[in-house]
Structures are given as C-alpha cells and as structure tokens.
Amino acid sequence: MRETFHKFKQGEHFILLDITSGGIHVVDELIYKMLDFVNFSEPPFKEAKDHPDIKEPVCPASLIEQFSDYNENDVKACYNELYEMSASGLLSGEGDADYGDYAEMNIGAPLKAMCLHVSHDCNLNCGYCFADGGGFGGEKLTMTPETGKQAVDYLLNNAGERRHLEIDFFGGEPLMAWDTVVQTVEYGKEQAKERGKEFKFTITTNGLLLDDEKSEYINENMANVVLSLDGRREVNDRLRPCLNGKSSYDVILPKFKKLVKNRTKKGFTDYFIRGTFTSYNLDFAGDVVSIAKEGFSNISIEPVTVPETFPFALKKEHLPRIKNEYDRLFELMRGNHGKWSFFHFVIDINRGPCILKRLRGCGSGNEYIAVAPDGNIYPCHRFVGIDEWKMGNINKSGLPDLKIKEYFSKTHIYAKEKCPDCWARFYCGGGCNAESFLFEGDARKQSELFCEWMKKRIECAVALAVEKKI
Amino acid sequence: MKDKSFKREFYPVKFRKGMVIKMKTTEKSKIKTICGPVLRESVRKGGCGNCRSSCQSACKTSCTVANQPCERPETGE
Ligand code: SF4
Ligand code: SF4
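Residue numbers (my numbering), protein chains in the order written: chain A, 1 to 470; chain B, 1001 to 1077.
Next up, chain B with everything else stripped away, as it sits in the complex:
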C-alpha cells in the first residue's frame, strides 16, 4: 500500500508516524481550521447597519458582500 496522499506541511513532524495514536488526542493533523463558525456567531450579535451599502454590479466595482468589512464598532464583546 502506498501512502501517496498526504501533504505533510500542516502537521508536526512528530506525528508523521503513529497517526492513530495521535487521533486519540484532540489535535487535528489533516484538517486545519482557518476560520471558525463566524456566521453562526454573527447571528448572536445581530446586525448594526453601519456597513456600506453593497452593489454587485460590474459597473460599480462593489462585488460580493463577503469582501466588505464589517463596520460594527468594537464593543469588547
């Protein structure tokens, strides 16, 4: 059997062998979470209405909603 699938760059060298043992811990080696459940969290806070109006028309260079920053003032929440 070949082990041809893995891109090793995400996980520490010490775990390259004995993966199953490692799996008993909570550390992930094959999945790296870049961004957590930000949308679910945003439901809790609700909308503040400060963000800019968005337009996706090609003639306006405003594009997607996702590339707009959230303008909610930081409340320390």
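Okay, chain A solo, but in the shape it has when bound:
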C-alpha cells in the first residue's frame, strides 16, 4: 500500500508527515497513538473537506474504549483536532497519482553537471576505495588539459538554456593532475563569461598534495571542497594509510585546517570534511565529534559501500547499531549550539526543492555525467569503467548514447521497485542508481541497507528542523 502518512518518534518529539503534501506536524502522544486507529480514507475524514459544517464529528465509542486509560474528553478533543486538520486540508492523506504526470517531464533534459575524473591514480591506499586504488579497474591514467577543456565545451554545448552549470574534479586523487584542474577551471571561467553561463567548480581531495598555492587556488575558485578524512586518527589510518603504510592523518590534518581557516576568513563556508564509516567503527559519532574538536563545522561521515565479502563491510546485522549511532548523533547535534553540523541531518523543511526535483534524487546519465581521463562518458562517477554503461566519448563529435540517457531520465521514483510505496520517497528521491546496479544488479532496485539508513537519517533531520521551530 502506498503510504500517505508516516509517524515517528525522535527524541521526545512525536512527528507526523503528510507525505504527499509535504506537511510536517508535531502531535502529542495520544494523537500519535490514535493515528493507528483512524482511517483518513474513510468517513468522516474522507468527506471532511466537503462538509465544513460538521464541526464536531462523533468520536467512535471504540476509540474511547481503546484509550480508556486516558481522560475521555481528551480522547474526544484529539479526535476533533484530527478531523479539523483533515477538513482544513492540512492532513490530506491524498495519494500522489497526479505527481506521476511530472515524472517523465525531463526526458532529454539538457546537461547540468559533470564529474571530471582528472586522475585515475591515487597516492593513498584506502581499503574501501570503490575506484580500486584510483584506476577504476583499469590503467592509471591522467586527463590531459586538452581533454579537460573539451569536457568544458561538451558541457556548454549540451547545456541548452541552463545558466548554472557544475564541474566536479574527482579521481582517483585530482591533485595529482593539478595542471589539468587549473587549466580546465581557467578555460571554463573564460568560456562561461563569453557564453553567459556560470560554473560552480568543486573538488574532492584526500589532501596529501595540498600546499599553500593549491589551497589558495581552491579557495579562490571552488564553490565547494570535499576533504576526505575518516575521523579519529586510529580509525582514519586503519583504512586510509599512505602508500608506505604510514599515518596519513598526521600529514593531512594540518593542511585541511589551514585550508579551512583561510577559506572561512574569506567568508566562504562551503566545505566538507567527509569520512567513511565501516563495521570497524560503528561508533562513528565519535569520529564526527573528533573532527568537530579539530575545529571543523561541516561534517559528513558516510556508510562504506563495499561487497559483503570485505571484512569491514556493513551488513544487515549492523543496522540496529547504526541506527542507534544516528540517534546518538542526533542528541549530540541538538546539544552543540550550532557549532557543527552533520550533513545528513541538515534539511530546510520550508525551502527544499520542488516536487519535480524530488521525483529523482539522482541525475546520473541524464543531466549529470562523468568523464574518464580518456574522455569516455559514463552516467556518473560510480559507473566509470563499466563497459555496458559507456555513453560515448567527448573527443568524438555526436551525441552520447541516447538509449542510456533515456533510461536514466525515466528512472524516477515511480519507476523503481520500492520507492512508490516508501514514505521517504519525497525526501530521498529514490536512492543511488549506481549502488542499486552494483549491489542489486538493477539500477531501479534499492538495497535494503541503503533504504534503512536513509530513512533513519531523514527522521533525525526532520526532527532537528522541527525542534528549531517549536
């Protein structure tokens, strides 16, 4: 059954989501319990909006009986409030059939973003790297500045009327191809000016090669920078050692601190310290705290995504522990007076994206593509190197594989296996297509693990946003 409501308790808050309308309500405990016994698709609720004259529907005796250990007047009052909310349209319980009309509206959408794999090589030896040491299962390659510039042209030529475009420098380790990064950015800025567009550049780096000059350039030119660090020294160094096996933490931390300090001084707040947690550190809230103690405020620690055969893989049996840890982070974040934020718990409930955006949480292959060092195009960075998903090459003229583009443009929540019935569909947007393909063999089939931690994080995020408003 397609869910129209979702209720949950987070901290001391009882929260009710009206999924289709986007409404968020805080209710008291009795209403929270009562929601299990009222059916909004049955009378009197069903007709509530059409009969504004019925001010006080009769509370069913069965309900009073059910809650006999509560004050009867309170039970009736709660029932009335639910009715009033329903009558005013604030608890619609409506289906979202009409949203489906918009689902296929962005077939053939122009390009918006590009991930440039400037280097398929890496100077760290992270145990969980999905890029297989940077090479994505292939040769260690570096993108030439010419290919970088061609990628800029390709994006501009396929961006249609879009004004805001994004290029993310990724790898392997992008600082190993610094010359390509700089030349591509400079060319991009020049071309954007000429063609009336705006680029947002971002870079994701392990920081090992950062020096003052590169940091300065990043702070001047990149709208966002993602700095990889797993948290506590021992956690970080266990799976992110240098190639010689030594600690990367001691080398990297001071560089990140300096970059962020200078960035903040310039008034730019967009950066992330981004780590990975594995079954080795299921107490990852400790890693968030450790990063916060080092003075960073934008923190993201993500679950590792490796096959179950890896010794540190996350499995179903870890889920209760992971959810508890998110609860712990929820408590830590609400008590930190805004000093730091955990990225997954940040949500603006009033100014989030429109419904069209929410039908698709992933732009892969449609408005977003990744370009490998040799110019080959893939639906996104996670598909890079997988032959069946190769969409073309930017060095060759002609359009990319439109079949793949069309497939992804139709991969919205209503096309996925579990999403149409999932309460989190308009928060999550349907998950990561690549992860679905890599773990479930089908880009439209989500893995249970992914969905479970996604839903838990959404609950925490909503509860924190709610807390700010009550």
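What the hints contain is simulated information worked out from the structure, not anything from laboratory work. All of these numbers come straight from a predicted model, not from anything done at the bench. All C-beta atoms, glycine included, are put in the ideal place defined by N, C-alpha and C. Careful: at least some of the hints might be erroneous.
With a straight-line Cα cutoff of 35 angstroms, these simulated DSBU-like cross-link-like pairs (lysine-lysine) come out [as the list claims (entries may be wrong)]:
| # | chain 1 | residue 1 | chain 2 | residue 2 |
| --- | --- | --- | --- | --- |
| 1 | A | Lys140 | A | Lys261 |
| 2 | B | Lys1032 | A | Lys7 |
| 3 | B | Lys1032 | A | Lys197 |
| 4 | A | Lys418 | B | Lys1045 |
| 5 | A | Lys76 | B | Lys1045 |
| 6 | B | Lys1045 | A | Lys200 |
| 7 | B | Lys1045 | A | Lys316 |
| 8 | B | Lys1045 | A | Lys46 |
| 9 | B | Lys1045 | A | Lys189 |
| 10 | A | Lys46 | B | Lys1032 |
| 11 | A | Lys140 | A | Lys258 |
| 12 | A | Lys315 | A | Lys246 |
| 13 | B | Lys1032 | A | Lys468 |
| 14 | A | Lys445 | B | Lys1045 |
| 15 | B | Lys1045 | A | Lys455 |
Simulated DEER-style distance windows between Cβ atoms [said to hold, decoys possible]:
| # | chain 1 | residue 1 | chain 2 | residue 2 | range |
| --- | --- | --- | --- | --- | --- |
| 16 | B | Asn1050 | A | Pro44 | 35 to 45 angstroms |
| 17 | A | Asp212 | B | Arg1044 | 17 to 27 angstroms |
| 18 | A | Gln66 | B | Pro1073 | 47 to 57 angstroms |
| 19 | A | Asp283 | B | Pro1073 | 41 to 51 angstroms |
| 20 | B | Glu1041 | A | Asp250 | 46 to 56 angstroms |
| 21 | A | Asp101 | B | Pro1069 | 46 to 56 angstroms |
| 22 | B | Glu1041 | A | Lys468 | 15 to 25 angstroms |
| 23 | A | Ser62 | B | Glu1041 | 30 to 40 angstroms |
| 24 | A | Ser247 | B | Glu1041 | 47 to 57 angstroms |
| 25 | A | Glu104 | B | Glu1041 | 19 to 29 angstroms |
| 26 | A | Lys339 | B | Pro1073 | 24 to 34 angstroms |
| 27 | B | Pro1073 | A | Ala313 | 41 to 51 angstroms |
| 28 | B | Glu1041 | A | Lys261 | 38 to 48 angstroms |
| 29 | B | Pro1069 | A | Glu467 | 16 to 26 angstroms |
Place chain B with the ligands on chain A using the hints.
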C-alpha cells in the same frame, strides 16, 4: 482515569482545562503544524531547473534531494 498522555508544552496554559470548549474554535492544541503543504504548492509553480544536480552516493556527500536548497529566484510570488 489518568491523564498521562499530554505533553503540555505546545498549548497555552489557559487551554489546559476545558479542551472540548476550546475545540470549538479553530485553534489547535495537540497538533502543531511546522510545515504546510509545500510540495502541493510547488506543483503550482513548476520546476525552474536552477537547483544543483543531486547525487546520493556515499562517495560524494550529496545525500538526499530534500537537503538541497531550492534555487528558484524570488519573484515575489
Ligand atoms: S531509495 Fe529506498 S528510502 Fe529512498 S525512496 Fe526508494 S525505497 Fe525509499
Ligand atoms: S547513480 Fe549514485 S553515484 Fe551516480 S549520480 Fe546517481 S546517486 Fe550519485
């Protein structure tokens, strides 16, 4: 009968007693609406395409669609 269920913090003191009387007004005491039907409203405006491309992959720190800001220029609408 016990009245053990209510967290009183949302509703004004003057309504703590006589709830049923209060219910005849439109003010709610047991439900606090934090966010109205924003998604329904967004259907009316349609999409503008200015928002950032989203990626939910753990390797990119981009997460859910819901935590992205809407970038529609304010039109006073
Ligand atoms: S990917 Fe999972 S959590 Fe997200 S909407 Fe689909 S079923 Fe729900
Ligand atoms: S498939 Fe996954 S990794 Fe690729 S863009 Fe979509 S969400 Fe991101």
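Hints not upheld, ascending by number
3, 5, 7, 17, 21
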